[in-house]
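S.K.: Protein sequences, first through last, are from chains D and Y. The first sequence: position 193 = 193 (our numbering), numbered continuously. The second sequence: position 151 = 151 (our numbering), numbered continuously.
I should point out that these hints are in silico values taken from the structure, not numbers from a laboratory. A couple of the hints might just be wrong.
Simulated coverage check for chain Y against chain D, where a stretch passes if three residues somewhere in it have a Cβ under 8 Å from a Cβ of chain D [unchecked claim]: (1) 429-435; (2) 653-666; (3) 670-678; (4) 730-737.
Bear in mind that the values here come from a model prediction, so they are computed numbers and not experimental data. Just so you know, even glycine gets a beta-carbon here, dropped at the ideal spot from N, CA and C.
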Amino acid sequence: MEIVRPDSVAGVLDALASHPDALVLAGGTDTMVLVNAGALRPEYVISLRHVEDLKAWNARFIGAGVTYARLEESEIAALAELSRTVGSPQIRAAGTLGGNLGTASPAGDALPFLAAVDATIELVSKHGSRTMPWDEFLIGPKQNALEPAEIILGAHLPDDMPWRTAFAKIGVRQAMVISIASVCVTRNEAGETTVALGAVGPTVLRARRAEMMVSAEKDPDEAALDEFQRLVSEESRPITDHRSTAEYRRMAVGVLARRALERCLV
Amino acid sequence: MTTRADTEVGVAFGVGESAPRPDGIPKVTGHFAYASDLHAQDMLWGATRRAPHAHATITSVDVGPAVAMPGVHAVLTYDDLPAERFQGQIVTDQPVLADGTIRYWGEVVAIVAADDPTTARAAADAIEVEYEYLDPLTDVDEALAAGEVLREAVAYRGVRDVHGAVVVEATYETATQDQAPLGNEAGIAIPDGAGGIDVYGPTQWTHVDHEQIVACLGLRPEEVRVHPTGLGGAFGAREDLSLQTHLCLLALQSGRPVRMVFGRAESFAAHVKRHAARMYYRHEADLDGNLVRVEAKLLLDGGAYSMTSPAVVANAVGFAVGPYRCPNVFIDGYALRTNNPPAGAMRGFGAVQTGFAVESQMDRLAEELGMDPLELRLLNAIGPGDVLATTGQVITEPLPTREVIESVRAMPLPEDSISSDVRDLPGGTGLTTPSSVVVRGVGYAVGFKNLAFSEGFDDFAEARLTLTPVGIDIHTAAIEVGQGMVTVLEQIARTVTGVESVRVVFDHTSQIGSAGSTSASRQTQMTGGAVMRAAEQLRTEILEHYGAEALSNDGVWRNGELVVSLVEACLEREFSAHVRHRHQETDEPDENGQGNLHVDFAVSAHRAVVDVDPVLGLVKVVKIDTAQDVGFALNPMSVIGQIEGGTMQGIGLAIMEELVIDHGVVRNASFTDYLLPTFLDAPPVEAVLIEQPSSWGPFGAKGFAELPTISSTPAVVAALRAATGKALTRVPVRPEDIAF
Ligand SMILES: Cc1cc2nc3c(=O)[nH]c(=O)nc-3n(C[C@H](O)[C@H](O)[C@H](O)COP(=O)(O)OP(=O)(O)OC[C@H]3O[C@@H](n4cnc5c(N)ncnc54)[C@H](O)[C@@H]3O)c2cc1C
Chain D
1 MEIVRPDSVA GVLDALASHP DALVLAGGTD TMVLVNAGAL RPEYVISLRH VEDLKAWNAR
61 FIGAGVTYAR LEESEIAALA ELSRTVGSPQ IRAAGTLGGN LGTASPAGDA LPFLAAVDAT
121 IELVSKHGSR TMPWDEFLIG PKQNALEPAE IILGAHLPDD MPWRTAFAKI GVRQAMVISI
181 ASVCVTRNEA GETTVALGAV GPTVLRARRA EMMVSAEKDP DEAALDEFQR LVSEESRPIT
241 DHRSTAEYRR MAVGVLARRA LERCLV
Chain Y
1 MTTRADTEVG VAFGVGESAP RPDGIPKVTG HFAYASDLHA QDMLWGATRR APHAHATITS
61 VDVGPAVAMP GVHAVLTYDD LPAERFQGQI VTDQPVLADG TIRYWGEVVA IVAADDPTTA
121 RAAADAIEVE YEYLDPLTDV DEALAAGEVL REAVAYRGVR DVHGAVVVEA TYETATQDQA
181 PLGNEAGIAI PDGAGGIDVY GPTQWTHVDH EQIVACLGLR PEEVRVHPTG LGGAFGARED
241 LSLQTHLCLL ALQSGRPVRM VFGRAESFAA HVKRHAARMY YRHEADLDGN LVRVEAKLLL
301 DGGAYSMTSP AVVANAVGFA VGPYRCPNVF IDGYALRTNN PPAGAMRGFG AVQTGFAVES
361 QMDRLAEELG MDPLELRLLN AIGPGDVLAT TGQVITEPLP TREVIESVRA MPLPEDSISS
421 DVRDLPGGTG LTTPSSVVVR GVGYAVGFKN LAFSEGFDDF AEARLTLTPV GIDIHTAAIE
481 VGQGMVTVLE QIARTVTGVE SVRVVFDHTS QIGSAGSTSA SRQTQMTGGA VMRAAEQLRT
541 EILEHYGAEA LSNDGVWRNG ELVVSLVEAC LEREFSAHVR HRHQETDEPD ENGQGNLHVD
601 FAVSAHRAVV DVDPVLGLVK VVKIDTAQDV GFALNPMSVI GQIEGGTMQG IGLAIMEELV
661 IDHGVVRNAS FTDYLLPTFL DAPPVEAVLI EQPSSWGPFG AKGFAELPTI SSTPAVVAAL
721 RAATGKALTR VPVRPEDIAF
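Next up, chain D with everything else stripped away, as it sits in the complex:
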């Protein structure tokens, strides 16, 4: 096994061009689990650790190499909140946003946030860069639009970030747990609301009907919140697996969305 540690995006792309089957390694918190289990035996590893460009982070852009430990300090409530729920301090110190996008798990905790704010994902290759909406990037369970010899540069956030955001996630213990349902809710001053759901569908989902319904409510009352919760549950597409049942996930994601919305209304 050979490991290279380029210090620029160009260096990464060069290495990738010469080794199209290379493993791109960011924090390793997903990949090393696979290596450890014998499911992945990389011959050639390109480490992103030294690529400063990927660590860029400002109000409009989060570089793929930004760790959860850093994102926990974000002023965007939902971003800080979701980052705090990821794994343990060790995992948050190593795990990155780019890795969450790379893995594209339906339970990836950064993904509902990116979906809720309509982030766009920028990819680069030797042929240049392309930027696409999050839902063109996340195309299925553990499937994304990344082409061979392409890497994720980062996620662009909209200019007019919503006024309030909230994230919530259910797991069956207090820490170090994979989501069995998660939500990110945003709401701007005009009342426009978005809600994205994690772990209740093949990819992150937006509950568009619930959004539309509650965006029309300036000051949603109990009945409106009930309806919002009902629509979110209805729009979820959960499955039953060893972690939970579809029935529970459907119920829970509605409750979570309602409570997250309530946090945005205070």
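With chain D held as given, fit chain Y with the ligand onto it using these hints.
M.R.: The following block gives chain Y with the ligand in isolation, referenced to the frame of chain D:
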């Protein structure tokens, strides 16, 4: 120079002190050698090929592709087994390698040894195995109907058609819990060049492993030496053989040392589990709350092979009524053979399952009677002189049932206010739950179990103490699995002899006789008892030889003067004492399960305080208080450690630990999905120690370390019922059990 004063102060780190563990610093600094650290020159690596199905016929096995791989030195299947082809510590019914039929998920079909772990894995994977799938039998009621009974145990006492005015009836279930020891199975077997072999592997009882391995290798007993090794936990998982026979077979076949180290996923396949159970209960009481009749049918899922199921079901029956008086008792217990992973020992050994059911029943009965649940327990509690409801035997040793209940009731409750720190709320940092929706519940439960081996088993432990130039060596075959026995044995030897410099030498099977298993909460009393008697003999022998009256690290003292140093004493002759220690004999059960089946018992009580999000069904255990019957706390720090750890294992079973088994296949064989409580799930644990000395434990000590696991699970569930009003008859309680 030592003066008289030193010997009078008493030896440091004797009994009753929180003496430090000799292996403590090596363990936290990473210097301690665990089984996974074992190496030998020229060693090969072993790997297993396991079945992916719970039930199948093997239609063909072709080892050719594996044998042909460069670097492969041995490939073995059932047909290659040289002698006895089955193993098992109580019933020899488990094929060492699959015998043509797969009876559980993960059963080993073939084993290989190769130059390196990657080649070994590749070779194991290259073996071509074809299966014909069969329907797995996975339900205990169906197994009972099919007559797949590993053992039936009963407790029949009193009159069948006597009835009480108040009746509560329910069915309870406990799911499969895994011991989840942090150390995965690992070991090494080293041929001695003369046809014999030394094997080091995860164990709780080397001598019982030895018998089985000897038979399977077809060697003479002295040709096989089973050594202890550094273990990262056991909790029952190492009572049955996992990889030892396989290592020996590969090593003898290849003529080279062979090592295996399992990963987490394989570890889940490689050791026995806690029995899942379905328990049908009917309690009857008079209007004052006196128990009149208890009837129960207990179905324990033994999985594919016997393992320790025959003993586990007897225990489940024995403690099925709890520490309560009841004249009419009719318990039928069955350990059933299914195609689920084999079940065996786990901390609490059958008393956990029935403990959950019987304590739940006591709460139900209290509710039906309109009585305080603790008053109901106090009313029916048994103590010395009373009769055990299941076996009819009279309690002769201290049994502070009332005291544990009253102590835990008297402990202060935490403040009523719900925390504002999200980490303390249900759902934690997931921010699922505003404090406004949280409801609090408080619940109590009592735990009850036997100590040491029961049912007429010849239960003994050997120890040999020898004087060395620097102190005393304690030789034993007892296994330290992390529980702290090593410290306690040293403390006992120190206090008895006055010599502070003592150490435990862990002998292999040819060096000393059996110490029995590190299980059944027995080693402190059994090996501790052997060490105590051997220490007394050694001390007497030395003192008599010199006409002296005291010993210390410096040597032998007469009239306040040092007579000889330890070095001089050792040069003069050998001083040593060898003891085989037994507890009082027990009876085998008669046809009604009656008799003095158990030598002694311990009780415990827990109070759990939980906060619940009733809508999402999420739970945070806020606080746990407990009172424990320990006889005498030989090492208070170690006692607290066992209480905290045992309590967490019980909390795990109450709210999250479940091996999800679907048609016999384990779906969550990883620490990603088999959820153990984390530090953030751990509540503060406050403990009161009840010290009523046992007549037979060293310095009055009792075994107790299974008890914290037994009473914490039902206490947490009782608290959840109090908070939610739900029946909650199954553990672990899942969010959906509360939410819907
Ligand atoms: C104990 C533990 C707990 C965890 N808890 C959580 C949790 O609570 N929530 C959660 O969402 N996840 C969790 N995870 C999963 C993991 O931490 C996250 O998915 C994390 O975001 C992965 O980031 P990484 O930098 O470690 O990715 P890596 O493992 O390095 O990479 C993951 C994938 O992304 C690809 N990749 C990474 N960066 C790029 C890039 N710039 N361009 C192209 N491809 C790239 C890699 O090639 C690989 O395929 C946990 C993992 C562990 C081991």
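S.K.: Compare the structure with each hint and give your call.
M.R.: Comparing the hints with the structure gives:
1. 429-435: Since three or more residues must qualify, the claim that chain D covers the segment 429-435 of chain Y holds, with 6 doing so at under 8 Å.
2. 653-666: That given contact holds, which follows from 4 residues of the segment 653-666 of chain Y lying within Cβ reach (below 8 Å) of chain D.
3. 670-678: holds (count 5)
4. 730-737: It holds: at least three residues are needed, and the segment 730-737 of chain Y offers 3 whose Cβ sits within less than 8 Å of chain D.
Violated hints: none; the structure is consistent with every hint.
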